[in-house]
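From first to last, the protein sequence lines stand for chains Z and Y.
In terms of our numbering, the first sequence has 120 at position 120, counting the first letter as 1, and numbering is strictly consecutive.
In terms of our numbering, the second sequence has 298 at position 298, counting the first letter as 1, and numbering is strictly consecutive.
Please note that a few of the clues may not be correct.
[What the hints assert, rightly or not] No farther apart than 25 Å at their CA atoms in a straight line, the calculated lysine to any residue pairs in the SDA-like style are these: (1) Y:K43 <-> Z:Q231; (2) Z:K205 <-> Z:Q231; (3) Y:K159 <-> Y:E324; (4) Y:K335 <-> Z:N151.
Bear in mind the hints are in silico, worked out from the structure with no lab data behind them.
Remember, predicted model here, so these are calculated numbers, not experimental data.
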Amino acid sequence: MDTLYNKLLEDVRFQEGSKACINCGTCTAICAAAEFYNYDPRIIVDTVQSRDEEEIETLLKSETIWYCGECMSCKTRCPRGNAPGLVIMALRSLSQELGYFVESEKGRQQLAVKRTVGQWILDYGYCLYLEGVGTSMHPEQGPIWDWKQKNWAKVFERLGANYKGEGVGILRKIPEEALDEIRRIFDVTGGTDRFAKIEKFSKDKASELNLEFGDGLDNEYFSHIYTHNNQNHSRE
Amino acid sequence: MKLEGKEAIWKEYQKEIADDRYFYVRSCVRQNFFPGSETAFLKIMREELGKDVYEHPCHTTCTGIGYHGDIVPIDTMMTVVARQFALMTEAGYQNLAPSCITSFGIYTEVLDTWHHFPEVEARVREYLRKATGREFKIPNNLAHASDLIYKFRKEIAQKAKFKLVDKETGKPLKVVDHIGCHYAKMFPDKGVGGAEYPYVLAGMIEDWGGEVIDYPERRHCCGFGFRQYLVQANRGYSIACSHKKFESMEPYKPDMILTNCPGCPMFLDKWQYAIAEMEGKTYGKDGYGIPVLTYEELAGLVLGYDPWDLGLQVHQVSCEPLLEKMGVKYDPLKKYDDKNGVTLGIPEKPSVMKVH
């Protein structure tokens, strides 16, 4: 039967991460996210293994599944060898496949991750490609980052990089044929479809919220999801 | 040989690390934030230790931050990893040495998944064939670049120009180690010392003359949390994790923090600046921060490399207090020079945390 639970079962991470949880709460005790957010991984695993479809759908549309930092400390400590962090990854994947992620403030942020990290992977072959990403987006990077940004190519040359160069080395230009292979891998394995779904569901949500939606990072919807915090997420 | 007693007990905490001929894959985070570290690593491995470390110009990201940021599907990530294996196989290498801890975790996860689900490996092989026409062999040995420096730590100690010893008092410097979560928390038997007794950095510290500081939050995450840092609205999580660690280590007055993950040193460095700006609090002596170093930077200092060749000038927390204690020679006037010795100007100073 095509249930949400069965869809989760198709994900190897769900199979590996959830084998008869005994609800001891050890994962919650060690969890870095549970210390900061109003979050309890024990309850998430309990909800999922109840196989209650209504509860699972609620979870897929909730803020809750987006609080985990995937440090995987839970994997080390679970006495049954489970990993709530892997269950979370399966839930997040399904939430995006079904378009449920846009129903929560934290879930909507997936567009921001896609348009930064996702775009850098496809355009440059790196998860991070930070020339021009300044302290307006990352004020915590401090004045040393402003200096580095101002002198980017020269600083990298000073430190032995091959910035934008041919051949091997730090932040080299990855050859176009290699990037084409990565893009074909995305096409064949569902990566391109995932990105398209994130874009489509986000565009629909922007329209519903009456926020301007455009390409790139300079538009009302992106700015909103990147910075908005309703202040109802943490323990205090 | 039959292992008995303590030797047998500790066997499961040990790790086989290949001796030579490594296929090196770079780290996206380390390249952007600590380029001098990768430069130093290759110099140490090739010139100091005479090892064969090969880099392929066509290798790419493993997609790790995208995967743990949950935008990249697992099959996509596994096929990109399979492509890296194919490049390694084609180049005639069998020992994979990633620079990044997220990558190291990705590789261990992929190999473990294929071990338990051979049908997944078969599917990925088909994906790779279809997308690129490539085939691959699974690596014989997977060791993080910090495993390699750990393996050769005694050789580095023998060549040491400077030690982790206070030149004034002769006492060992106090060093906090911070192991990246994905080094051994997911697959403890893949890390030196496992998740319970991680020794990959402690071994370097001890052999290079320092004293390892144990403190309550030693194993707590730095706070990257992928989407918890990548999205500005979530960064409270990230800084709260680092803050918890600083408060916990502060009473032990560490001289430095040593890291093996490329992200952790960036967070532990930059969040000290942010906490100082937000709360007026600093954790080092006399209003400075606690210097945070990568293992490559520390190995380079021990071997007598110029701190500005290693890239210590791109840290927000000044490393000079550590250099002074170790007796490392440096020219403060060359700190912000380009390759040709021309100054690139002086960065502005933070408003609270003191810097050199």
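Consistency of the hints with the structure:
Restraint check for K43 (chain Y) and Q231 (chain Z): the C-alpha separation of about 48 Å exceeds 25 Å, so the hint is violated. For a cut-off of 25 Å, the pair hint linking K205 (chain Z) to Q231 (chain Z) stands: about 21 Å separates their Cα positions. Between K159 (chain Y) and E324 (chain Y) the CA atoms are separated by roughly 20 Å; this keeps the pair inside 25 Å, and the hint holds. With a C-alpha separation of about 14 Å, the suggested pairing of K335 (chain Y) with N151 (chain Z) holds against the 25 Å cut-off.
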